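Q: Here is how the chains run, residue by residue.
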Amino acid sequence: MTIPATPLTLTTNPWTAAAMIAAIVLASTAGEVLTAAAMKSIGDLDVIRARSGLTGAIRAVLTCPLFFAGVFFLAIAFFSLLFALNHLNLSLVAPASASLTLVTNAVAGKIFLKENVDRRRWVSAGLVCIGVYLLAH
Amino acid sequence: MVQHKLLPRQYLILGLVSLCAPLGDSCLARGMTTMPAISLAHPGALIAAVFTPWIAAGIALLIGFFASYLTALSWADLTFVLPATAFGNVIVALISRFWLHETISLERWAGIVLITLGVGFVAQGPALTERPSPETAEPQLEEPVATEAQTR
Chain S
0 MTIPATPLTL TTNPWTAAAM IAAIVLASTA GEVLTAAAMK SIGDLDVIRA
50 RSGLTGAIRA VLTCPLFFAG VFFLAIAFFS LLFALNHLNL SLVAPASASL
100 TLVTNAVAGK IFLKENVDRR RWVSAGLVCI GVYLLAH
Chain H
0 MVQHKLLPRQ YLILGLVSLC APLGDSCLAR GMTTMPAISL AHPGALIAAV
50 FTPWIAAGIA LLIGFFASYL TALSWADLTF VLPATAFGNV IVALISRFWL
100 HETISLERWA GIVLITLGVG FVAQGPALTE RPSPETAEPQ LEEPVATEAQ
150 TR
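Chains S and H are the protein sequences, given in the same order. Mapped onto numbering that gives the first Met the number 0, the consecutive letters of the first sequence carry residue numbers 0 to 136. Mapped onto numbering that gives the first Met the number 0, the consecutive letters of the second sequence carry residue numbers 0 to 151.
Bound-form chain S, shown alone (with noise of 0.2 Å):
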């Protein structure tokens, strides 16, 4: 049995459908390399709820401004999400979204985080890149 193909956009034109693409992406790294300073300010969370039990490592986390700055990015990009997932079709905004989002945080973490994104990440990152977008497509 064959499957009528479906269009890769419901409504959108392709400069739209970019747009949508490219607001998921860039909120979801600020949120995440936000997220990832505030954890590592923070601390091994393992340990301070050995230490303090688990309202104590909510607290640390609760207390932090970066965290709810990068909370701030991640609900915008939940957000961008939700609306293009209501224009344009999953198998569009899934394997975009996820694999540049993938790209632009090894960039951001390199540059804003100072990681060390050797050769064994890029090349990682690179292959689990086309994995996604050859999986979802």
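Incorrect hints may appear among the rest.
[What the hints assert, rightly or not] Here are the computed distance ranges between Cβ atoms for each label pair:
hint, chain 1, residue 1, chain 2, residue 2, range
1, S, Trp14, H, Ala109, 26 to 32 Å
2, H, Ile94, S, Asp43, 48 to 54 Å
3, S, Ile110, H, Gln123, 22 to 28 Å
4, H, Pro52, S, Asp117, 43 to 49 Å
5, S, Asp45, H, Ala122, 14 to 20 Å
[What the hints assert, rightly or not] Okay, the calculated bits of chain S under chain H, using three or more residues with CB under 8 Å as the criterion:
hint, stretch
6, 14-21
7, 27-36
8, 86-97
9, 104-115
[Said to hold, decoys possible] From chain H, some residues computed to sit far from chain S (all C-beta separations above 10 Å):
hint, residue
10, Gly14
11, Leu18
12, Ala36
13, Ala40
14, Phe50
15, Leu60
16, Gly63
17, Leu77
18, Ala85
19, Ile94
20, Phe97
21, His100
Because the hints were derived from the structure by calculation, they are not lab data. Given the structure is predicted, the values throughout are model-derived calculations rather than measurements. Beta carbons are placed, not taken as given, at the ideal position from N, Cα and C, and that holds for glycine.
Given the structure of chain S, go ahead and fit chain H onto it with the hints provided.
A: Relative to chain S, chain H alone:
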């Protein structure tokens, strides 16, 4: 960079990140595609969407994802966590193949192989960038000041 070996508990956290995110996204997609088109002129409709069953289930899974994700970020680099947890996409594809009996094209099998290679590759490396500890970093910063004070 020093090799930071992960504990079984930490692998479990990475597994939760991997599973909850794609399952949550799938619930969101299912919920949003069954809703009428939402325009920017009526953003309140997006808030109302949050209370529909599929979107609510998706949000619950994404809360589980976020808690595990924050825990993982507290002991591993962002550039380690993101590729390492991409294996969830493979799990969802395998569930759809062997449980839901969906067909997986050659292109998708290629995607599964590439993600598996990428995850295996990054998982062999260190999880965290080594930084000087505060105990060793502080004397280095204070050293010039101490020297200046001594000369006076």
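Q: All hints are to be evaluated individually against the structure, with a verdict given for each.
A: Each hint, compared with the structure:
1. S:Trp14 - H:Ala109: 26 to 32 Å: Roughly 30 Å apart at Cβ, these two residues keep to the hinted range, so it holds.
2. H:Ile94 - S:Asp43: 48 to 54 Å: Roughly 32 Å apart at Cβ, these two residues miss the hinted range, so it is violated.
3. S:Ile110 - H:Gln123: 22 to 28 Å: At 25 Å between Cβs, range holds.
4. H:Pro52 - S:Asp117: 43 to 49 Å: Holds, since proline 52 of chain H and aspartate 117 of chain S (Cβ atoms, about 45 Å apart) stay within the stated range.
5. S:Asp45 - H:Ala122: 14 to 20 Å: Given range 14 to 20 Å: holds, Cβ gap about 19 Å.
6. 14-21: violated (count 0)
7. 27-36: This one holds; 4 residues, not fewer than the three required, reach chain H with a Cβ under 8 Å.
8. 86-97: With 4 residues closer than 8 Å to chain H, the stretch 86-97 of chain S meets the three-residue bar; holds.
9. 104-115: holds (count 8)
10. Gly14: Non-interface label on glycine 14 of chain H holds, nearest chain S Cβ at 15 Å vs cutoff 10 Å.
11. Leu18: Per Cβ check, leucine 18 of chain H is outside 10 Å of chain S; nearest 15 Å; holds.
12. Ala36: violated, 6 Å
13. Ala40: Holds, since 12 Å exceeds 10 Å.
14. Phe50: holds, 13 Å
15. Leu60: At about 13 Å from chain S, leucine 60 of chain H clears the 10 Å cut-off, so the statement holds.
16. Gly63: holds, 15 Å
17. Leu77: violated, 4 Å
18. Ala85: violated, 4 Å
19. Ile94: Correct as stated: the minimum Cβ-Cβ distance to chain S is 13 Å, above 10 Å.
20. Phe97: holds, 15 Å
21. His100: Non-interface label on histidine 100 of chain H holds, nearest chain S Cβ at 13 Å vs cutoff 10 Å.
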